[in-house]
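K.L.:
Sequence:
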Amino acid sequence: MTRAIALDGLSGAGKSTIAKALANTLGINYLDTGAMYRALAYAAKQEKISLDEEDLVASWLDHSGLELVLARTGQKTLLHGVDVSTQIRSPEMSRLSSAISALPSVRHYCVEMQRQLADQQMPLVLDGRDIGSYVLPRADFKFYLEATAAERARRRWQQMQDGSQGAAAQSYDQVLAEIIKRDLNDSSRELAPAIAAPDAIVIDTTELSAAEVLQRILQLMRVRAAENPALGDFWRQYLVLDPVCGAEDKG
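Here my numbering runs 3 ahead of the position in the sequence shown, where the first position is 1.
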């Protein structure tokens, strides 16, 4: 088994908020896999790499300069040593990351990096769209977060108003349209679509705060660890901590 916690879900379901809080509560590292695709999309645009030419993209990946520095409160996403964690959070990078993640060469490159990091730095929390179903099918814990498209759009739009998701001015209706479009792209792609793993626990976060989602996940982990000695022996040292979530808004 892989000593990891997989948090999957579509855009705006609360994955990043909960994953950061969970990692901080348990005292383990957090890997934001979506940032990898955003960073590659950002680098491709900066270097004028056409996403329509996959052979060119595939040969460029090893020279993209992508590097991740993990921590329990988040991660730094670097390109050639420069921190681009803020630049990759724009709506444009959200759109481009969906496109670049559909390329088999990019998906393979990122998945291999994710698996290597999981092996080297476990235990850790990973969030994405296909962690439990494809990247780490043997992860100790798998959760899939859901919420209505309207609620997910509201959260994303609010983040934009707060300045935490880029400064581009977009209306709520525009954000909702992009959420719906990305849902379709991520769920229908041929390679590793965004779906819940068969053994994942599905949590609807629509009416829950981040703190409530975190509490529920921790409780589910404690119950499962108590029922499974193989899990309990390892995770007991982390699960004795009380849950703490700094986010007050819904996940």
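Just so you know, the hints here were simulated from the structure itself, not pulled from any lab data. Do not rely on the hints blindly, as some may be mistaken.
Derived CB-CB ranges, DEER-like [to be verified]:
#1 ASP236 with VAL72: 41 to 49 Å
#2 GLU210 with ASP65: 42 to 50 Å
#3 GLU215 with HIS83: 34 to 42 Å
#4 ASP207 with ARG227: 26 to 34 Å
#5 VAL226 with HIS83: 41 to 49 Å
#6 ALA102 with HIS66: 18 to 26 Å
#7 GLU230 with SER174: 17 to 25 Å
#8 ARG98 with PHE237: 33 to 41 Å
#9 GLU50 with GLU215: 25 to 33 Å
#10 SER62 with ASP202: 34 to 42 Å
#11 LEU187 with GLU215: 24 to 32 Å
#12 HIS66 with ARG141: 13 to 21 Å
Straight line, CA to CA, 20 Å or less: simulated EDC-like cross-link-like pairs of lysine to aspartate or glutamate [stated by the list, open to error]:
#13 LYS79 with GLU115
#14 LYS51 with ASP65
#15 LYS184 with GLU149
#16 LYS184 with GLU230
#17 LYS48 with GLU70
#18 LYS48 with ASP86
#19 LYS48 with ASP58
#20 LYS51 with GLU95
#21 LYS48 with ASP65
#22 LYS184 with ASP86
#23 LYS48 with ASP122
#24 LYS79 with ASP58
Since we're looking at a predicted model, the values are computed, not measured. Heads up, the beta-carbon is just placed ideally off N, CA and C, and yes, glycines get one too.
K.L.:
Which numbered conditions among the earlier hints are violated in the structure presented, ordered from lowest to highest?
P.N.:
Hints 1, 4, 7, 9, 12, 16, 22, 23, 24 contradicted; others consistent.
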